[in-house]
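Undergrad: What follows is each chain in one-letter form.
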Amino acid sequence: MTTQTQRSTVPESGQTAEEKVQYLRELYADAPELSKKALENVLGELKSQVADTPPPPIESAGRAGSRLGKVSELTLIVPLAPGGAKRLRAFLQLLGGNLNGADKVGTVHDMRFVFLDNDTKLLFATAYDGDWDAYIDDFATKIPDYLDILNAAFEGWPGIRSPEAKDYLAKYQVTAEGWFVANDLTVAETRRLERNGKALDEFLDKISE
Amino acid sequence: MANQPQTGTAPQPDAGAQKIQQLRELFADATDVGKRALENVIKELSSQVSEPPPAIESAGRVGARLGKRSELTIIVPLVPGGAKRLRTFLQLLGGNLSPGATKVGTLHDMRFVFIDNDTRLLFATSFDGDWDTYIDDFIALIPDYLDLMDSAWDGWPGIRDPGAKDYLIKHQITAEGWFVAEPDLTLAEIQRLKRIGKATDEFLDKVQ
Chain A
1 MTTQTQRSTV PESGQTAEEK VQYLRELYAD APELSKKALE NVLGELKSQV ADTPPPPIES
61 AGRAGSRLGK VSELTLIVPL APGGAKRLRA FLQLLGGNLN GADKVGTVHD MRFVFLDNDT
121 KLLFATAYDG DWDAYIDDFA TKIPDYLDIL NAAFEGWPGI RSPEAKDYLA KYQVTAEGWF
181 VANDLTVAET RRLERNGKAL DEFLDKISE
Chain B
1 MANQPQTGTA PQPDAGAQKI QQLRELFADA TDVGKRALEN VIKELSSQVS EPPPAIESAG
61 RVGARLGKRS ELTIIVPLVP GGAKRLRTFL QLLGGNLSPG ATKVGTLHDM RFVFIDNDTR
121 LLFATSFDGD WDTYIDDFIA LIPDYLDLMD SAWDGWPGIR DPGAKDYLIK HQITAEGWFV
181 AEPDLTLAEI QRLKRIGKAT DEFLDKVQ
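Going line by line, the protein sequences match chains A and B.
At position 151 of the first sequence (counting the first as 1) the number is 151 in the numbering used here, and the numbers step up by one without a gap.
At position 34 of the second sequence (counting the first as 1) the number is 34 in the numbering used here, and the numbers step up by one without a gap.
Don't take every hint at face value.
[What the hints assert, rightly or not] With a cut-off of at most 27 Å between alpha-carbon atoms, the simulated DSSO-like pairs for lysine-lysine come out as follows: (1) Lys206/A / Lys206/B; (2) Lys206/B / Lys198/A; (3) Lys103/B / Lys206/B; (4) Lys166/A / Lys86/A; (5) Lys70/A / Lys37/A; (6) Lys47/A / Lys20/A; (7) Lys43/B / Lys36/A; (8) Lys37/A / Lys84/B; (9) Lys104/A / Lys206/A; (10) Lys103/B / Lys84/B; (11) Lys194/B / Lys206/A; (12) Lys84/B / Lys47/A; (13) Lys43/B / Lys86/A; (14) Lys104/A / Lys165/B.
[To be verified] Which residues of chain A face chain B? A partial, calculated answer using Cβ under 7 Å: (15) Ala31; (16) Ala188; (17) Thr190.
Calculated from the structure, these hints are not laboratory results.
For glycine and all other residues, C-beta sits at the position ideal for the given N, C-alpha and C.
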């Protein structure tokens, strides 16, 4: 509780955990009571986490997006063309909203389409394995037509076969500044474990017969 | 292929074919890229529509669910200074939210994305089960982390406030398209499979 004013600077890599936490505390001096109290409640835990066992920082997924371990995030917010929301929604409804065609890509963990701002924009958010370029290439080679049907609603979408397709996507992607993935396995590894588990169950059934 | 006139007794085209036809009509206004793409997959699409995949369901009060996995997508306005505080907090953790998030055993993935020049925040997660249970888990397991981050949100009443859930619902937008690679595996089941995988590897090593 010193009366030091405005001493702290923006966190730099050279700062100690103590300094970083102190800077956060100063920033929270302007926060509502509620969150000041919340900060005080977790301060001890936070300090030890930052100092002793800092989690591995998020890394870049390549051209855009964040990655933790093997799993990356892609978050796109695109303007929709006039009539685009109606077409896209009709297509989604035809599939009962279930985009299981994405399974063909093989590296998609999850994927959502959310209409925003009175159907003028679309949020497309996925969790996937590996690098940005490889992921987009997978979409382009495995389900180019489904992608174009969906993205035809995007204003200015050049088509996935266009050399400008990646620039378009990168332009509208917003990289997450906080990211978390519980399962550090790829989709393929998770499926292998699933088969493994099934085989073990069968094996145990057999030997107990 | 009789060219029967439109009488009341004429066989109705099935509902799937009708839907495909409607989609085609809608796509008449689409770009050439979109029209061509639709024609390329129309056959495959027709057979999918006649044997449709399970439709997405509701995750409870809000949000979509497929099998056991649900989605939550929230876009909230930020208070002045909120983005700066939240960003500093995230940077303290290297952007990796695992310190708090691993305590919620039903949380698969979670992202924080600043949008519209730091005036709004997108918070999107994928989780097991029902909306109410999920929020209750946050409240019970990491209330302080939640308040620390959500205090950047304009009007956030605090997670212990009876108005907290209403606030979340007000800002949540349900996805109209959703996909999960493993919709039938909860996080607990995946972790069990991992332990089994390890044990089998050890077992096989031993018997060799």
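Undergrad: Taking 27 Å as the top limit, are the C-alpha atoms of Lys37/A and Lys84/B close enough?
TA: Holds, at roughly 18 Å.
Undergrad: CA of Lys206/A to CA of Lys206/B, is that 27 Å or under?
TA: Judged against 27 Å, a Cα distance of about 20 Å means the pair holds.
Undergrad: Can we keep the Ala31/A interface hint, with Cβ of chain B closer than 7 Å?
TA: holds, 5 Å
Undergrad: Between Lys194/B and Lys206/A, is the straight-line Cα distance small enough, at 27 Å or below?
TA: Distance of about 22 Å is within 27 Å: holds.
Undergrad: Measure nothing beyond the straight line between the CA atoms of Lys103/B and Lys84/B; if it is 27 Å or shorter, mark the hint as holding.
TA: With a Cα-Cα distance of about 25 Å, the restraint between Lys103/B and Lys84/B holds, given a limit of 27 Å.
Undergrad: Run the distance test for Lys43/B versus Lys36/A: straight-line Cα separation, threshold 27 Å.
TA: The given pair, whose Cα atoms are some 59 Å apart, is violated under the 27 Å limit.
Undergrad: May I ask you to test the interface hint for Thr190/A with respect to chain B, counting a Cβ-Cβ separation under 7 Å as satisfied?
TA: holds, 6 Å
Undergrad: Compare the distance between the alpha carbons of Lys103/B and Lys206/B with 27 Å, and conclude whether the hinted pair is satisfied.
TA: violated, 34 Å
Undergrad: For the pair supplied as a hint, Lys47/A and Lys20/A, is the alpha-carbon distance within the 27 Å limit?
TA: holds, 9 Å
Undergrad: Let me know if the C-beta of Ala188/A comes in closer than 7 Å to any C-beta of chain B, holds or violated.
TA: violated, 10 Å
Undergrad: Run the distance test for Lys166/A versus Lys86/A: straight-line Cα separation, threshold 27 Å.
TA: Holds: Lys166/A and Lys86/A sit about 25 Å apart, inside 27 Å.
Undergrad: Lys104/A and Lys165/B: Cα distance at most 27 Å?
TA: violated, 37 Å
Violation of the numbered hints given earlier is confined to hints 3, 5, 7, 9, 14, 16; the remaining hints are satisfied by the structure.
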